[in-house]
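Respectively, the protein sequence lines represent chains A and B.
Each residue of the first sequence is one higher than the last, beginning at 1 in the working numbering.
Each residue of the second sequence is one higher than the last, beginning at 270 in the working numbering.
I should point out that these hints are in silico values taken from the structure, not numbers from a laboratory.
Hints may contain errors.
[Stated by the list, open to error] No more than 20 Å apart at the CA atoms, straight line, and that leaves these computed lysine to any residue pairs for SDA-like:
| hint | chain 1 | residue 1 | chain 2 | residue 2 |
| --- | --- | --- | --- | --- |
| 1 | A | Lys119 | A | Lys261 |
| 2 | A | Lys261 | B | Gly458 |
| 3 | B | Lys368 | B | Gly355 |
| 4 | A | Lys119 | B | Lys368 |
| 5 | B | Lys382 | A | Val264 |
| 6 | A | Lys119 | B | Gly355 |
| 7 | A | Lys119 | B | Lys526 |
| 8 | A | Lys164 | B | Asp515 |
| 9 | A | Lys164 | B | Thr514 |
| 10 | B | Lys305 | A | Val115 |
| 11 | A | Lys261 | B | Pro294 |
| 12 | A | Lys164 | B | Pro294 |
| 13 | A | Lys164 | B | Thr295 |
| 14 | B | Lys382 | A | Val115 |
| 15 | A | Lys111 | B | Glu525 |
[Claimed, not checked] Examples of chain A residues toward chain B, derived with CB under 7 Å:
| hint | residue |
| --- | --- |
| 16 | Trp97 |
| 17 | Cys118 |
| 18 | Pro120 |
| 19 | Asn257 |
All C-beta atoms, glycine included, are put in the ideal place defined by N, C-alpha and C.
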Amino acid sequence: MTIQRFASALCIVAPVFAQWINYPTPGTPRLPDGSPNLSAPTPRTADHHPDLSGIWQLEPAPCTANAIQGCGGDYPGAPEFGNIGARLSGGLPYQSWAADFVKNQTSDLGKNDPVALCKPSGALRLLTYPPYRKIIQTPVVIVLLSERDVTYRQIFTDGRPLPKDPSPSWNGYSVGQWQGDTLVVESVGFRDGTWLDRRGSPMTEAAKMIEKFRRTNFGNLEIEVTVDDPKAYTKPWTVKLHQLLVPDTELLDYYCNDNEKDAVHAVGK
Amino acid sequence: MPLGRITLSATLVCAPALAQWLNYPTPGIPRLPDGKPNLLGPAPRTADGHPDLSGLWEPVGPANSSFVGNSARDPQFADVGKEVKGGLPLQPWAADLLKSRLAVDSKDDPDSKCLPLGPIKMHLHPYPRRIIQTPGLLVILFERDTAYRQLFTDGRLLPEDPQPGFNGYSTGKWDHDTLVVETVGIKDGTWLDVRGAPLTSAAKITERFRRPSFSKLQIDITVDDPKAYTMPWSIHVDQAFAADTDLLEFVCLENEKDQSHLNGGIR
Chain A
1 MTIQRFASAL
11 CIVAPVFAQW
21 INYPTPGTPR
31 LPDGSPNLSA
41 PTPRTADHHP
51 DLSGIWQLEP
61 APCTANAIQG
71 CGGDYPGAPE
81 FGNIGARLSG
91 GLPYQSWAAD
101 FVKNQTSDLG
111 KNDPVALCKP
121 SGALRLLTYP
131 PYRKIIQTPV
141 VIVLLSERDV
151 TYRQIFTDGR
161 PLPKDPSPSW
171 NGYSVGQWQG
181 DTLVVESVGF
191 RDGTWLDRRG
201 SPMTEAAKMI
211 EKFRRTNFGN
221 LEIEVTVDDP
231 KAYTKPWTVK
241 LHQLLVPDTE
251 LLDYYCNDNE
261 KDAVHAVGK
Chain B
270 MPLGRITLSA
280 TLVCAPALAQ
290 WLNYPTPGIP
300 RLPDGKPNLL
310 GPAPRTADGH
320 PDLSGLWEPV
330 GPANSSFVGN
340 SARDPQFADV
350 GKEVKGGLPL
360 QPWAADLLKS
370 RLAVDSKDDP
380 DSKCLPLGPI
390 KMHLHPYPRR
400 IIQTPGLLVI
410 LFERDTAYRQ
420 LFTDGRLLPE
430 DPQPGFNGYS
440 TGKWDHDTLV
450 VETVGIKDGT
460 WLDVRGAPLT
470 SAAKITERFR
480 RPSFSKLQID
490 ITVDDPKAYT
500 MPWSIHVDQA
510 FAADTDLLEF
520 VCLENEKDQS
530 HLNGGIR
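So that you can see chain A by itself, here it is in the shape it has in the complex (with noise of 0.2 Å):
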């Protein structure tokens, strides 16, 4: 299966898209025009933190005759999709192994990749996915659900401590806290096996990852991810991940193993 592919599967889900599009996001300022002012200022809780709440699209690579993504459907990707790494200068620090790895995960054409298995996405490619994500935010509680295969990943602001031992998962164990009006999330726990993008950067359970938060208006939304996994990387990596507000829609069910055809089909090279 190719990355173009795998981009055509999700353009399948795309008709259905127009069917809820039409209520208003409730507590959206608006323009005289009635449509959805993003250049507001940034809207806040009664505990006066910023209120990262609403539906959120990694903003789309520029629209080009061979873009990876399609152009014009309702799922256009980003350059970190593909590779998380792509705007880095030299690229990502892989240890020798994890050169290797992605070097022969995409000369396979990907068909190992957890997604295409219907697995999890994991905590950071949850955020690169093409379909929305929502966050949702509560004093104790951030949660984030995603389209993509109708999932969530909780964010525990409680002040609770990170776990010692943790069980290792997709998602890992994440607990956040505000510094400013910056939400700083340090996540550990992850599981061996993670793919951090379509060509195979992998993430190992050694890893750390830390995210900011910042919503600098309305409309914006920008997370700022360093991974540390010294197992997989020779030094950590630092990358920004522009979100957009996506108003007046709502989520729609994308369950990826309902009447799932293609893994038989993903043969690799």
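Knowing the structure of chain A, use the given hints to seat chain B on it.
Structure of chain B alone, referenced to chain A:
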């Protein structure tokens, strides 16, 4: 594969991990002088005065000897019509369908295929779920397959032509201390229990959520599906607050080896 084996083996796999994150005290709950959770008090309320349904909830039922740990199982998980007087009022074709499913040990249960279960079976599933209540939205996070369901309480109407889905589309409003939720848009092929009681896309589900005390959640569910049933019918679901624990990650497709062995009783 006999009924229950899947649940049993899955529970066995995930039970040892359950001890790992169990020791974090749930913040904001009332406690006795010795630090234990005080579950006898009244239901908490949100800033807007409604009962707060938020919390981690588990089924109530006889502890099943086939389960590791303290997972209780609501008998309605296996047989949703167990407490319905006279049994489920199945239309003839639906009765035939149920019979044919039982004849092959219900091997085609969507649960066995790692597909979503729909709102009713998810209420009855043995694994815990967490309700997060915000002013315009109630979200249920399920441990089973790390899935969620949204119930909109911001005043929106049900869609007139919903896209059929596993969860359907749910809107709720408060009737005094009861949250009344209506759901449409469930897809054909949904199973309501392990046996295989069917639900069709004609169904309208009404759920009444009440939290009569701190530790108790009650859900009264009415199913009105004229395609599959001759009249509407109702069940009652009890859930208990689970303190000082949290959801773990359970991914049904992870290392899944069961499906290929489901042979419907043919040896």
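Under the constraints set out in the numbered hints, which ones does this structure not fulfil? The structure breaks hints 4, 6, 10, 11 and 16; every other hint is satisfied.
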